[in-house]
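Visitor: Sequence:
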Amino acid sequence: AYTQTLDLSTGSYFQFTPSGATTVSFSNAPASGLATGFTVEISGDGSALTWPSSVKWPSGTAPTATASKELYTFVTTDGGTTYYGKLAGKDIA
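Per our numbering, the very first residue in the sequence shown carries number 8; after that it's consecutive.
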């Protein structure tokens with residue numbers, strides 16, 4: 008298993024290509040009270056992605072990764088205690 012840490016102090020757009028099952032983590036969230044959004048582009052290989060437990064997904068279920076390019080968007084307003092995540096684009100050519 009692999010870990011991919013996204014340092015939110017370095018920008019608002021991240022991209023990576025997993026090579027096997029990957030656990031994604033977020034670091035350096037902005038201060039509470041600042042609404043902050045960011046996008047993650049993944050050129051998937053179909054391997055499982057495990058997102059932080061602090062991410063809340065529509066219907067309570069994280070999307071299943073595919074072997075294609077996907078875009079995920081996230082927003083936090085409480086200093087990274089909670090993130091709201093959404094699959095914004097799937098099977099992008």
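Because the hints were derived from the structure by calculation, they are not lab data. A virtual CB, placed ideally from N, CA and C, is assigned to each residue, including glycine. Don't take every hint at face value.
[Claimed, not checked] 20 Å max Cα-Cα, derived PhoX-like pairs, lysine-lysine:
{"no.": "1", "residue 1": "LYS93", "residue 2": "LYS76"}
{"no.": "2", "residue 1": "LYS97", "residue 2": "LYS63"}
{"no.": "3", "residue 1": "LYS76", "residue 2": "LYS97"}
{"no.": "4", "residue 1": "LYS63", "residue 2": "LYS93"}
[Unchecked claim] Simulated DEER-style distance windows between Cβ atoms:
{"no.": "5", "residue 1": "GLY53", "residue 2": "GLY86", "range": "30 to 36 Å"}
{"no.": "6", "residue 1": "GLY27", "residue 2": "THR84", "range": "21 to 27 Å"}
{"no.": "7", "residue 1": "ASP85", "residue 2": "SER26", "range": "30 to 36 Å"}
Visitor: Can you give the numbers of the hints that this structure goes against, from lowest to highest?
Guide: 6
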